[in-house]
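Make a model of the complete structure from these sequences and hints.
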Amino acid sequence: MADNVRDELAGTLKSILDTGKYSDLIITCKGNTYNVHKSIVCARSGFFERAENFPGKESSEGKIDLPEDEPAVVNLLIQYLYGGEYDPKLPDGGCSAEVTEIQYTGDRDSYYHYKFPHTCGSNGCAARNVCDHHACGSEPDCRSCGPRCKDFVCESCCPNARPIALPSPDGNAEQLLLHAKMYEIGDKYDVIGLKQLAREKFLRASAKYWDSKHFAPAAHYAFSTTPEDDKGLRNAISNIVSQHMGLLNKPAVEALLTEFNGLAVGLLKMRAKDLGWIKA
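So the sequence shown is numbered by numbering that gives the first Met the number 0: it starts at 0 and just counts up by one.
Since the hints were derived computationally from the structure, they do not count as laboratory data. The model shown is predicted, which means the values in this text are computed figures rather than measured ones. Each residue gets a CB set at the ideal place from its N, CA and C atoms; glycine is no exception. One thing to keep in mind: the hints can contain errors.
[As the list claims (entries may be wrong)] Quick list of simulated restraints, FRET-style, between CB atoms:
hint : residue 1 : residue 2 : range
1    : G245      : E173      : 13 to 23 Å
2    : A9        : N171      : 23 to 33 Å
3    : E60       : K29       : 35 to 45 Å
4    : T224      : N31       : 13 to 23 Å
5    : V4        : K207      : 30 to 40 Å
6    : P90       : N234      : 19 to 29 Å
7    : T224      : A9        : 28 to 38 Å
8    : G170      : N234      : 21 to 31 Å
The following block contains the structure:
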């Protein structure tokens, strides 16, 4: 029943986007026009909310132009605002069906330990579901659950647990660059959930395509378009390289470390933690 209601809602949102029915705001990007709804896009994007509330041309005319962005990326941004996903999508059902028993190679924390993998509740992080180390996001009552709040192992409770194998999104290795671009546009238009989803998809795709020629360009794009204090995608890339040190033999990856000191430092810290030189 719940699935039927969810599917019906998704179908309704797609329909009003496709038809423009009840639209009260127009978004344009290099010839593409989207007849959208303030109650949806402004509620999910801090940028559009501020543009609507600020007295100016955009709010008075009910039209916002995005001249600097790629049309294909903006199209996926709109897709996410209405559907909570973008292509290529994660497999239906997430990873729960593929998760079995977590294997441990070291001691577990003697004070904090719950059943793993953790998954937050749909209405927040109930203490019975997750340990006290975990926080979903900025909301004090943990209402901002994202993809990273599902089927995860707490590194503080079980620092030596083997990672869970997660299904990757559909598509080929070229999607790595797309996810980096979606992370960037999520940051630009203040869509926190999109950043979390793009990071998750980048991680899952990298687990399959880390040795592809497309990994280094995607990593370069991520480091080129995110501020140094935004560690979400940067740390993910450092972790991927740390897990596959053979990547350092590739000239494109070596060039990344030369150009971006943050990547080199992040990689060094991760290896130092793995070797026990510094505390996690």
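So which hints don't hold here, by number, going up?
3
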